[in-house]
Structure formats: C-alpha cells, structure tokens
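Student: With the hints as your guide, set chain B with the ligands onto chain A.
Chains as they are written, first to last, in our numbering: chain A, 1 to 356; chain B, 1001 to 1540.
No wet-lab data here; the hints were simulated from the structure.
Careful, some of the hints might be misleading.
The list that follows gives simulated cross-link-like pairs (lysine to aspartate or glutamate, EDC-like), each with its CA atoms no further than 20 Å apart [claimed, not checked]:
(1) Lys-351(A) - Asp-1295(B)
(2) Lys-1398(B) - Asp-18(A)
(3) Lys-351(A) - Asp-1441(B)
Just so you know, these numbers come straight off a predicted model, no measurement behind them.
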Amino acid sequence: MSPSSLSFTSSPHVHGGDSIPRIMHTVILALVPATLLSILVFGWPALWVIVITTLTAVVTEHLLVKLRLRPSPVGDLSAALTGLLLALTLPPHAPWWICVVGGIFAILLGKQVYGGLGYNMFNPALIARVFLLISFPVEMTTWPHPVGLFGEEALAFGDALALIFTGHVAPGEVMDAISSATPLGQYRIEVSLGKTVQEALGGTYAFSYFNATGGLVAGSLGETSALFLTAGGIFLLKKRVITWHIPLSMLAGCLIPAVLFWLIDGTKYPDPIFHLITGGLVLGAFFMATDMVTSPVTPLGQIIFGAGCGLLTYIIRTWGGYPEGVSFAIVIMNATVPLLDQYTRPVIYGKTKKNI
Amino acid sequence: MGLFIDFCGVGRFGLLCHHAVYETNGATRMGIVASVLKKFHGGVHPTGHKELTEHCAIEPMPMPKQLIVPLHQHLGAPSVPAVKVGDKVFKGDLLGTSGGFVSATIHAPTSGTIQAIQEHPVGHPSGLTMLCVVITPDGADQWNPGLQGTTDPATLDPSAIRDRIKGAGIVGLGGATFPSFIKLSPPRDKVVDLLLINAVECEPYLTCDARLMEERPQDVIAGIRIMLHALQTKQCVIGIEANKPKAIAAMEKAVAGQSDIRVVSLPVMYPQGSEKQLIEVVTGRQVPSKGLPVDVGVIVHNVATAVAIRDTIELGRPLVSRIVTVTGGGITRPANVEVLIGTLVDDVIRHCGGLKSNTKKVIMGGPMMGLALHQTDIPVVKGTSGILALTPEESSGKTEHPCIRCGSCVNACPIQLVPCTMAWFAKTDQIDQLPKVDLFDCIECGSCAYVCPANIPLVHYFRYGKLALQVKDREDKKKALTKQRSQAREERLAREKEEKERKKEEMKAKMAAKKSDAGSSSEAKASSPAASKKASLPEE
Ligand code: SF4
Ligand code: SF4
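Okay, chain B solo, but in the shape it has when bound:
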C-alpha cells in the first residue's frame, strides 16, 4: 500500500512545503515568491486562437455617432447621475458619482451634449436594461482643460493617490470590474508583501493585454510604481504566460535594473488568470475559502489597470476608454481596438469589417467566462476585454446528455470541487445540499464544462444554484424577521396585559385599603391577595 500513499500524497506534500516557505519567509517579508512555481490543481488547455490578433497593433476607432454610457459598469452599487439632459460636457467630465462604498464614478468618454438619460439594454446575463447617459459627440473630443496630472507621483501621499484613482472611476479591467481604489486600501491589520500584476491573459482569443505590454511597457511599470507607493509594498511580480514571448521580452527590458519588480513566465494553463490560481502558482499560498487575497498578503491588479492608473495619476485622465480584442471566426477583420466606453458593440464590429454570415454567437469577454449577447446594440463597458464572434465550428452548444460520471470535471476543477455532484443537486433542486458541496467556492471558470463529454452546461447549473440559494436565503431572512416581529408583538401584548393587570390590582388594593380604613389593618392585608386572585379569574 505504500505505493498509493505516496501517489496521493504528492499534491498535499507540495502544498505543505510551500506553507513552510511562507511561514519562514512571511516573518521576514522577503522571498515570498516561491522559488519553484507551483502548479494549481486541474485546469485545461483550450486552443489559444491568439494568432488571429496577436500581431494587431492597438488602433483607434472613428468617433461613433452616439455613446451610451451605462451608470453601472462595476461590481457594487450603481452610480448616481451627475448631469442633466442638454448639458454640454468635456471629455473626462463626471457623468455619475459613486453610489456607495463599493462603487465607481463614470466619466464622459468624449466632449459633446447629453442627449438623454434613459434605460438601455446592457450586457447582463438577465438581458435587462439599465440607466444610461446618452451623449452626442461634438467631434472635438476635447479633454476638460482642468484635468491635470503629476509628473512625480512619489511625492503624493498614498491616500491622495487612492482618492485620485477613486475619482477617476478605475475598476479592475480584467473583467471582474472591482473598484481599484479599494484593492489599494488594505485593512490596517493586514500585511501586504506582494503586488501581483495579472498579465496572464489565459482566456483564449484575447490579446489586448499582451499588445498593451508590447506597446506601452514603460507605462505599465509607471503604473506599478504608483501602486507600490500607494500600498507601501516593496515587491512586485508580473505574471505572464509563456505563450506571449514578445510581451515577456518587452516587460523584461522595461524592468531591467529594477530588482523589486520581477517578470515571471508561467506555463500556459487555464484558468491561471484567476486571482486565486495565480496567487497559488506564484507564492504557493492559498487564499482561504471565502477570504480575500490580502489575507495571504497579496494584492492582485490587472496589467491594463496599471496603465489606467498611470494615465490617471500622470496625465490626470479618468478612465474613459479601454482596449478591446475584436476577434473570432465571425469577424471580418480581427483587431485590437481602443474603444471609448459607451461605444455600441455594433459600431465596433462594423469598424472591424462586420460579421460574417456564419456567426453563431457574439460574446462579450473571453470564450471561457464571457457573456453571450442576445443583441449587439449594447455598449462596451469598462470590463469588456473582448468582442468575439464565433462560428458554429468554434463554439460549443451540442445537446446535453446525462452525466456518465467520468470524473473529468473533478480532475479539471482548479478549486477541487466535484462539479458533477453540484450540478446534480442544482438540477434536481436539492438546494439545501449545495452549500455542503461548497458551491459558493466555484469561480465559474468553466473548466469542468469545457471537458465534459456529456456536454452538460455545468456553469449554467451553478449559476442557477447560486441564485436559488440567494433567493432562499432572502426568504429565510424574511421569514425569520416576520417571526421575530410576531414574537416581539406577542411579547409586547403579554407585557401590556401584565401591566394592565398589575394596575388593576393596584387599584383594587387601594380601594380595598380605602374600604377597610375603618376595619383593622391586618384584615385588609389578609384579604387583598384573595381579592386579586378573584379579579384575575375571568381572564384565565
């Protein structure tokens, strides 16, 4: 049996080693990067298709006739409109202010007139509409002359940097769109010893981050310097997958002579660009379930976010555009395009020569985690890393078969979940079982569904399960609240009744006392409890 113990122990043993490294080094805050890259569990190797656009330099796009800017483009609360219809705005003027702590401001992507503030379809799984600011560009594309940057960010106070980043509406541009200033404000009790720049771009087809690194490596470094300063952290690692040799070369050249920023080439494996997996690969640490990267001393930012932060601090410009990879077999002329936020997907596709007739799916984001669109007249938002038009040959969508329990999904899951079991519980509406099989730890990376020979849309079931659990949770809370309220009411009524009775008794006692004024005092004392008992009888 020794043989087996060895075999199954391999993974755990590796893990323990890394934890040991973390413990000894964590104390000295040095060498937190594991000397040997760790492999995360599972993962898949989807075909890259990056050759379609990896040679395409980032190109600008002609000004569209209209920009439709949603007021909710980020994780958290929607923004509140800060303009009225008819207002004239400069490029970079505020359109929406932050609507809560986890929220972000929205700025005018170009100069022009506010034509409307209205509901418009957006890229959301539900196909819902959302409040959008519609701008008619004036063609001048003029930045607000008041916007000013700093040539020497190191002189700024970290809190001032955070405020500017917050004011510029910068969110994670990798797709998660979490407001960036929050990730630059770690809680006081946490030590951040590593800034990890996510330049993995593990989604197939997408090349926008790779192009950005090839074309603007110095700006990436400038952004990293600002973030290091804001975090007061000494070390940075830029993680890039080995299938982007040009980006790696460009970044290595840019960091030459700067020992605190390291470029690490990572073996290609999806979903390495997921925060948790990237952290594990680079540091050997695992973010606790339900925890945050900062719990293991790491802050992760996307490489495009670093450039946006540089533009904000050094040029004073808020986030009003992003680079989008427009690609797939259905796109006539694949390209990397710098797109103003609020440009319609239709306009971008038209700029790239339009859709081929055999297009089956249009996707916002990457093919593994992106969102298939019902319609193409929806605006590009801050989180739109790609616009993909897939042909039937490229895209999945065959009929679903029953699970044959092959276990491929178990082997592919980077979180080591058992996807087939979770899907079964979701499919058969055994909602209560779902938390027991750790549904909420699923990162919806799609690796399981990618390998499933039965074509089961596993991620779809997980989303359904999560939603059902949330609904149930809300209902449970409501029920608990109702119960609490009715209990409180009963208690209050009981208290009131008691109070009444007590008062009655007191009154009676007083009356009795008055009546027996003439008689002996001892008699009155003896009779009063009896009287109160009688009085309470009818109510019993």
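Okay, chain A solo, but in the shape it has when bound:
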C-alpha cells in the first residue's frame, strides 16, 4: 500500500464507540415507557400532541441547518428528543398550534440561534415550555381528566384528531366538562383559600397516592408517572448516559425542604411523597436537568446545580406564582452553569492540599 494513503491523525488511535446518536437514542428509549403510558392514560389526543411536536422540531431543525448550507443533523436524533421532551411537558389536549409554535421555538430560539447542538445555554424544550406558559396561559393550563385510551369516556381516534385541530370533538361541543386540576394546582388554590392540605386533596378531589404514582391524575403528558420515569432514569444510569449527581441532588434539593416544612406544619405543607409523585419533579430530575449541553460537566458542579434545581422547584411550588416550578427552576439554574463549571473544577492529581 502506498504510504500516502495512510491516515496519520493524532492519538488515541482507537475509540470507545460512544456517539451523540447513541446517547440521544438511549434517552428516547428510556422515555418510551412513560410516553406509552401517557397515551394509555390520556387517550389518542396525547399521541397527536407527541407526533406533531416531535415532527415540528425535526423539520425545523432540518430546514434551519439546510439554510446554513450544512449537512442535516437530524440523524443525531437530538431534535427528535427535544420535540419529545417538549411534548411531555404539554397538556394532553394541547391544540395543534401550541405544539407547532413550541416545536419551532425550541429549535429556532432554544438551539439554532446559538449555533446548534452544544452551544445553547438553556434547555430548548424547557425554554419553549416557559415561553408557551407565559404567552398562552389558558391553553397551557387546561388539564383534561385522564380518560384513558379505551375507557367509556375515551375519545375515538378521529375525534381526537378533531379535538387537537379544531378544539371541538364535534361542531359546537366544548370539552370543558372533563377538565380537572392537577394535584399541585389543587393544593395551591385550596390552601391559599385557607383550607388544609388534607381538605384540599381529600373530599371530591380524592387524591390517591396509588393513582399519582401510576400517572392516573391530571397533568402534563409526561409529568405524571413517577414510577415509569424513574425506571427510565435508572436505565439511563445503567447505560451511563447520565450520572447520579444531578437526579439525586435535584430530588434531595426538593424533598429535604419538603420534609422540613411538612414536619413544621403538615396541614399547610404537603408531605414529601406528594411532591415526589406529582408534577414534573422526576421527569425534570432524570431527563431535563440532566440535559448535557445545559448542565455542568464537573461532578461538584452537577451536585450544586441539581440541588439548586430541586430547591427552586420547592420554593416556586410552595410560594411562587405558578403551582409547578420545575421548568423555571431548571431554566434559572441553566444560567449558572458557566459559573459553576469555572468554580468547581476538581483538585487535580498532584495538587492535593498537602502538595500545594
């Protein structure tokens, strides 16, 4: 063979085989159980929300990168993952234009304006959700009662499509009847009206820990089943896509204050289990805060970051202007990442305090 055909790139000459598509692929796989469950719980409309949002994200990414005359990166699945994550934060019956606007916003203003994957400062899915929540508060907080895919109240495939695209199942019929409050919303509203936590969640609302763990309560698509999401998170840990630092510290950052305040006054502050299984805490801890691009790279930085996300979540849930604070908490902590990375570099080999 002629010498000129030899490649002489720098060492190392072998590679472990990890790749960006493998990471994205694994995360999507980890989300499959929770995604399927959400469709099972909320019916066909959920499927449409997921499909429309994900497709919009992928198409937007493809077109934007083509505009810059670069090879399309949709094969790395990162846009698909962003779309899926965004869908999981949307209400199950979100109208089609919410899905489309969110998908475009996430990719265009959440990611590509910074230069694409790796350069964005904020989690694209969450920044899009925050934008939607502020711009379209009504659509973003209309929570249907979980009607199931095949149950009595369930919508047929075609009706679901009509609902997403027209807002009505049949002409003139409005879906208000089946809307319901999320557990976190219920607690905040009722407690602010002077009731105790027990009164708020008991009675006609009939909050059940069992249903909440399994995802059978009102809420965003993927925010509901703590059990399935945790399983996905453990899968990611096993596959070494994420490390324990962020999820564990985020859960602790929210649950430790929850325990403290619950012990101080159990009638005003719900117990930590309630905080764990309702809302987006688990989804945020395993899938949102762990977004690589927008979280610190150093282990200590990750712990501080996660703890901050958890703590802010608790603060917003308990005293903030919104019943759920995971998205805001993570987006706020995203902004601290450069600083965290700079000040949490590990003590390197040979520079232990003894040696300095």
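Tutor: For chain B with the ligands alone, coordinates are given in the frame of chain A:
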C-alpha cells in the same frame, strides 16, 4: 444534605487515609506499599486485543540490508556522531556520544561498515528528518570482543553501575525514553524507599513486556537486583495487570523466597502504566504537580529496561535491540520480534508477512499514545514498543462534532482535569487561559478522547495548546530580553551623559578656579555653581 457530603467525600477520604499511611510509614521506611491498592481517578477500559500476540514467543529477525540509526532516540539532547563514513564497526561500538546531561549514547546494532551519516525521516510527530548513521551489515553480527560483563554486580560500586548504564545508552523502554542512569541517580536530599517496576503494559495490543517476563523472568530479577544496588534501596514492587496471568506466575516463581521483591497483580485499567497513576495505585502517594516520582520516594523503571540493564552489566552489551510487538488487524502474521535498532518499520512488517490491503493506519507504539506514521520507511528506535497496523474498523477517525458537554471526558481523566474546557480554550486560541486550567499536567494519555461521543481529537488540541504556550513563552522571554537590553542601553547612555556633564563641570570649575586665581577665593566658590547651571541649560 448529609448524603451528598458523604458521596463526594469518598475519594478524598481515601486519599487522606493513604497520606496518613505514608506519613507514619515513611519515617520508618517500611511498608510503603499500601495494604489495599488504591484506584486512581477515571481511566478507561479499551479492548485489549492482546490475544493476537500474547502466545507469540519472541523471535529473532533476519539481518536487514541496511540499518538506519537515528542519533536522537531519547528524551533530551541529540547525540554527537562518533564515527566517519567508511569506518568498520563491531556490534556494540559507539556511533554517537551523549550530547548533554540529559542525553544518551548510541551504539552499532550490528557489525559492518558506516555507509553514510545523513538526514533521514524518523518517527516524529512533525514528520521531520533527523541525522542518522547508515550501516551496511557485514553479516557476521559480531560483538566487539572487548565488551565484558561482571558476574557479580553486587561487588560494583553504585556509581560504577550508573556509569556503565550511561555508557550503554540505556533509556526507558516503556516509550518515554528518558535516560535510565539519571533515574538511578536520585538527588542526595531525597530518600528513595521503593523501586517500582512498571510491567503494567496497559496499552491495548502490546504484549512484548508480558512475553519478556514469561521467557526471561530471571533476567528481570537480575536487572532489578542491579538497580536496587545502584539506588541503595531495599524494596521493589513489580506491578503487572491481572490480564497477564502467565507473566504474573512466571515472575512470582522467580521471586519466590525473596521477600524484598513483590509481584503485585493490578486490576486492569488504562492508563495504569503511566508513572503517576502506577505510583498512586501501589503506594497511595501522589507525585506533586510538576514534581518527579522521586519527590515521593519512588523510582519507576520499565520491566524491559531492567532486562537491558542486566544485559549491560552481566554481559557488557550496550542497548542495540528491543522487543517489538507487531500486531493489529492489518498485519498478516502478528508476532513479537526482537528488532535491531535502526531496522526499518517496512522490513519488520515484511518479516511479519506484510500489510493487508485494508490497513488504514500504521502506528509506532500503542494505540492510545503511539504515533501514526506518514510513511513506513522509518527506523525502529529504542522507544518503539509496538508496530500496529489498524484497519478502519479498529481505528478511530470519525468526524468531529461540537462538544455536547457530556462530561465523559471529565470522568475519564486520570489527572482530574476538565478536558472539554482545555480543548475549548485551545481551539479558540485563548492561550492565556490554558495554564489556569492546568494544561501542562495533562499526560496525553488519550482517555478523554477515547470516551468522547463527539469524536473530538482532544489530545491534538492539547498538543497544539502546549506548543502555542511554549512559542508564546519564548516570545515573551525574547521581548523581555529586548526590553531589558534597551533599558540597559538607555541607562548606559544616561550614565555616559551624566559622566560627560560631570567632567565638563569639573573642567569648568578648574578653569574658573584658574581664572579667579587673581580674585578672592570666596568669590570663585560662589560663582562656580552658577556657571555650571548655565552650562547645563542648552542641553535641558
Ligand atoms: S467527552 Fe467530548 S463531548 Fe463530552 S464533554 Fe468531553 S469533549 Fe465534550
Ligand atoms: S489526555 Fe490529558 S486531559 Fe485527556 S484524559 Fe489524559 S491526562 Fe486527562
């Protein structure tokens, strides 16, 4: 929060324990080997591929038509040629003398005629040529009859042993090629309590050290005895990774009954063969950043170096050959070959059946830290532990993507650096930032690049950054020197001017004194400062 403090404290706590062990034991110079092996931070598990050659006995190679011996095969200053074209040499005759304190001599790998002393391409990242001595072998391969060894090295003075090792041109054969005699001459103020033999061979594919231990365990021990004597050190540990059970068994058998030499089986982890990591694993001590192993009382030598030292002292033979693992998917017949220094890589590959057509990369050294060759007509040198021919499936080289900040590199780095940040600074030419993120502590082990999902050639950026810093440093020094010089010049000019003025004044004063000889002396005294002031005015 207690949970977290515990979690992040684990590593440091372990470290502190070991330091405590070191302190108490260091004083008594006993038991310096940590009772429990410490794990170093990070590291990776590349596929070993050792099965290709681990069963291949070390074989000799037919004499090549020509040997091209570079005069610079070691860390430090190049050697100075000691022969002329046309000279006849014996095997083992001096070809190049040491060109500085950190330098090494070079010897004729076989008997023959010096055909030329000329520039020739060598295995160097820059692809540069280097001054080489070209020998045409006479086929007799005859050692200089004057070379003589000692049957009882223990009777030699340590300094005599060092001199012989220096004279034999022995350098670290693990790949770093640091002149060995220097590592056997620790500074007087340092206590060396452990000789650590690096038989880790953590680079994938390579098996030459393992074979050496299986086939010549007694010679390894003999070499260790000589080094212990030269260092006047009482203890030796031979560190071998657990994936070489035969080598471990052979060495254990060879050290049976000798309590001062211990064989330690180490869990497999790259880059355990890096001096700093090996020291940490075995002793629990960390070599200070910018320090040397001797700063923590340890001297590390490669196992092949031990055998070379034995050959030099007991047989009188200088270092003229080494064992090279020739392997990889692109080699027709993988083997462990004893190769004369100066043999062309081409000749070695041909001896092993040639390259397969799908070879993509030829590497000198191991796959993690070795050097990819532009061309294969370059000579094997003292540091060449392997010749690898990799196929596209075996080797990396996919397109680079932007960093996704996954942190894998941070977790893999054995030095606990933050590789992604360092690479970013290097890539964006923020050279001034690089020392702040400890670039110079990077050992270029490649663990970070091995795990990077974005295929970023991190080590490439680090080398670039180091080079850029060195260039900048040189320029800064030059600038400082120029500034210093111009300052000195200005000062000198100012001094000269002052001197002139002073002289002028003196002259004037004298003249005035002469003039006023007639007048009263007090008048003259009063007028002289005024006169000098006037004289200096035009110049102001
Ligand atoms: S491993 Fe590669 S992609 Fe991941 S943080 Fe390091 S440099 Fe970036
Ligand atoms: S090459 Fe340097 S930065 Fe990368 S893992 Fe090795 S020591 Fe760390």
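Student: Would you mind marking each hint as holding or not holding in the structure?
Tutor: Hint check results:
1. The straight-line distance between the Cα atoms of Lys-351(A) and Asp-1295(B) is roughly 13 Å, inside the 20 Å bound, and the hint therefore holds.
2. Simply put, Lys-1398(B) and Asp-18(A) have alpha-carbon atoms about 11 Å apart, close enough for the 20 Å limit, and the pair holds.
3. Proposed proximity of Lys-351(A) and Asp-1441(B) is supported: the alpha carbons are some 10 Å apart, at most 20 Å.
Consistency note: the structure conflicts with none of the earlier hints.
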